[in-house]
Amino acid sequence: MTVLVGGARDSSVVAWRNLVTIRRNPDLLLGAVVSPIVFVLVFAFVFGGSLGGDGYRHFLVAGIFVQTVAFNSAFTTLGLSSDLTKGMIDRFRSLPMSRLAVILGRTVSDLVVTSVTLVIMTGTGLLVGWRISSSPLSAALGYLLLLFFAFAMSWIGAWIGLLCRSVEVAQSAGVLWLFPVSFVASVFVSAQTLPGPLRAFAEWNPISAVANATRALFGNPIQPPGIPPATGWPAEHAALYAVLASLTIIAVFMPLALARYRRVASR
Amino acid sequence: MVASMFESRDRAGPAVRAEGLVKAFGSNRALDGVDLEIPAGTVLGLLGPNGAGKTTTVRILTTLLRPDSGRAWVAGHDVVAEPDAVRRRIGLSGQYAAVDNNLTGYENLYMVARLYGMSRRSAAARARTLLERFRLAEDGGRPAKEYSGGMRRRLDLAGALIAEPPVVVLDEPTTGLDPRGRQDTWDVIGELVAEGSTVLLTTQYLEEADRLADTIAVIDAGRVIAEGSPDELKARLGGERLELVVAEADQLPTARAVLAEVGSGEPTVNYQLRRLSVAVDVGPKALLAALRRFESDGPEPDATGADAVRVLDIGLRRPTLDDVFLALTGHRANTGEDGEDGA
Numbered sequence: 001m002t003v004l005v006g007g008a009r010d011s012s013v014v015a016w017r018n019l020v021t022i023r024r025n026p027d028l029l030l031g032a033v034v035s036p037i038v039f040v041l042v043f044a045f046v047f048g049g050s051l052g053g054d055g056y057r058h059f060l061v062a063g064i065f066v067q068t069v070a071f072n073s074a075f076t077t078l079g080l081s082s083d084l085t086k087g088m089i090d091r092f093r094s095l096p097m098s099r100l101a102v103i104l105g106r107t108v109s110d111l112v113v114t115s116v117t118l119v120i121m122t123g124t125g126l127l128v129g130w131r132i133s134s135s136p137l138s139a140a141l142g143y144l145l146l147l148f149f150a151f152a153m154s155w156i157g158a159w160i161g162l163l164c165r166s167v168e169v170a171q172s173a174g175v176l177w178l179f180p181v182s183f184v185a186s187v188f189v190s191a192q193t194l195p196g197p198l199r200a201f202a203e204w205n206p207i208s209a210v211a212n213a214t215r216a217l218f219g220n221p222i223q224p225p226g227i228p229p230a231t232g233w234p235a236e237h238a239a240l241y242a243v244l245a246s247l248t249i250i251a252v253f254m255p256l257a258l259a260r261y262r263r264v265a266s267r
Numbered sequence: 001m002v003a004s005m006f007e008s009r010d011r012a013g014p015a016v017r018a019e020g021l022v023k024a025f026g027s028n029r030a031l032d033g034v035d036l037e038i039p040a041g042t043v044l045g046l047l048g049p050n051g052a053g054k055t056t057t058v059r060i061l062t063t064l065l066r067p068d069s070g071r072a073w074v075a076g077h078d079v080v081a082e083p084d085a086v087r088r089r090i091g092l093s094g095q096y097a098a099v100d101n102n103l104t105g106y107e108n109l110y111m112v113a114r115l116y117g118m119s120r121r122s123a124a125a126r127a128r129t130l131l132e133r134f135r136l137a138e139d140g141g142r143p144a145k146e147y148s149g150g151m152r153r154r155l156d157l158a159g160a161l162i163a164e165p166p167v168v169v170l171d172e173p174t175t176g177l178d179p180r181g182r183q184d185t186w187d188v189i190g191e192l193v194a195e196g197s198t199v200l201l202t203t204q205y206l207e208e209a210d211r212l213a214d215t216i217a218v219i220d221a222g223r224v225i226a227e228g229s230p231d232e233l234k235a236r237l238g239g240e241r242l243e244l245v246v247a248e249a250d251q252l253p254t255a256r257a258v259l260a261e262v263g264s265g266e267p268t269v270n271y272q273l274r275r276l277s278v279a280v281d282v283g284p285k286a287l288l289a290a291l292r293r294f295e296s297d298g299p300e301p302d303a304t305g306a307d308a309v310r311v312l313d314i315g316l317r318r319p320t321l322d323d324v325f326l327a328l329t330g331h332r333a334n335t336g337e338d339g340e341d342g343a
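Chains as they are written, first to last, in the numbering used here: chain A, 1 to 267; chain B, 1 to 343.
Excised from the complex, chain A in its bound form:
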């Protein structure tokens, strides 16, 4: 019990410290705020024209939400790697504090950043004509699912960040793997339009599940205009699969990140 209380207190101290850092350096938010706006506008109007106009935009926006919260993990990678190279992790490790707090504090503060990002993207989405057409409760569940998935992805980012030897490496390592993973999914297009192996990957990609589940909860179309509904277990149980996948990610990457934190040496 005292372990849990101490862990929660230490994590909140670390999260507070991370948020103070962002408040003092608002430019750190540039990537988190501007790039989703750019993504929504570019995809809505550049791709939207050929892919089905308004109908496509209703399908697209929730997908971009998911992609953006998945990229949340890159912020975790960068933040932890920067703490590592600056010697902060050494300082933390020499303190009698919870072993988990540095990472948990980081994933929590990144979740706060993601919430801000989601607000901005919602505004941009509404501007391009996207609407939520479900009940407020259902919409709230949609946002909760997005945040939970962001939190899960953050743990992958934490593990990668603690593996990186320098901030420069972390900068690319943090996003590189996300591009294929987030594009080979039902984010911008339907998984069903992809060729063989890519299609199987996309169907079982948790990002597809989160996107489809969010679309359902927002009352948005699950498929782009003119594409038949998806079949298969992940598509038919999108919400369940999204939650299970997020839980699995946390269950795998939390211990990995923690083990890495215990042995990591910053120089």
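What the hints contain is simulated information worked out from the structure, not anything from laboratory work. All values derive from a computational prediction rather than experimental measurement.
Derived Cβ-Cβ restraints for the label pairs, each shown as a range: (1) Asn50(B) with Trp233(A): 57 to 63 Å; (2) Glu207(B) with Arg24(A): 36 to 42 Å; (3) Ala137(B) with Pro26(A): 26 to 32 Å; (4) Phe183(A) with Tyr205(B): 52 to 58 Å.
Ideal placement from N, C-alpha and C gives every residue a C-beta, glycine not left out.
Chain A is fixed; fit chain B onto it per the hints.
Only chain B this time, still in chain A's reference frame:
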């Protein structure tokens, strides 16, 4: 008083003890059997060049690294078996001040205090006390990135003292500081020592160890090669040295004979640089005696030919880390090249 919050076994025995610490990184044996003992309330200066194993030793003692073999105890607690107990009893100030540049001085200390488990209120009070004590009170509200190197180091030091730990570890506290920052840091460490903390101080500077440490352990290639009080070590080096550079190589033997006369030991000769040096008991007296012998327009010609020696440079020099190494190992501290031979 400080230690009163810890169990009584903390006070029995030395504050820090290490036995046969070995740590290898790949094929590089960073530590090759380090033994150390720091009695409570004393300062041990761990003196050595870059790469000698100072930081590795510190990282093992502060639980940041596990030794491959050997054991170590801090305040009676095993660093491998009871890392949390050790962390509660140790304050670390690193070589690269681990200060969060985005936080203010006050916020940095408050954060560390909270992470030691203090309540919000006592953390705030403790942060203010330490800012005051480290002469940072006026700048406590400024982000640490605006601090000078010396201020940042003081802040890092304050962070190490948050929980009034019985053992303080200072890893090269003045490396990279300008003379003023170094002086500032020395003053602060001096106060700490006066209060009776046990301190492990690593340094590359003999002067620093001399000034602050009760005992100096000289470390080289992962081993402690000498240990003793600063005076004992300097006695082994012969204290001050008289150094001389001559214009012509063929004058070296004559000059060497003069140095042997005025000095208290065997002169060393570097033929390439045409430089000689010798340990002296009373520096100024030996310097004057040597100058008189080399004086070319003296009252009578010198039978040894000393007055014909053209002296380019002559002076007294205090022993440096290099001299310590030369005396103890026969090689120079950082380059590993052979020392000057005594012939």
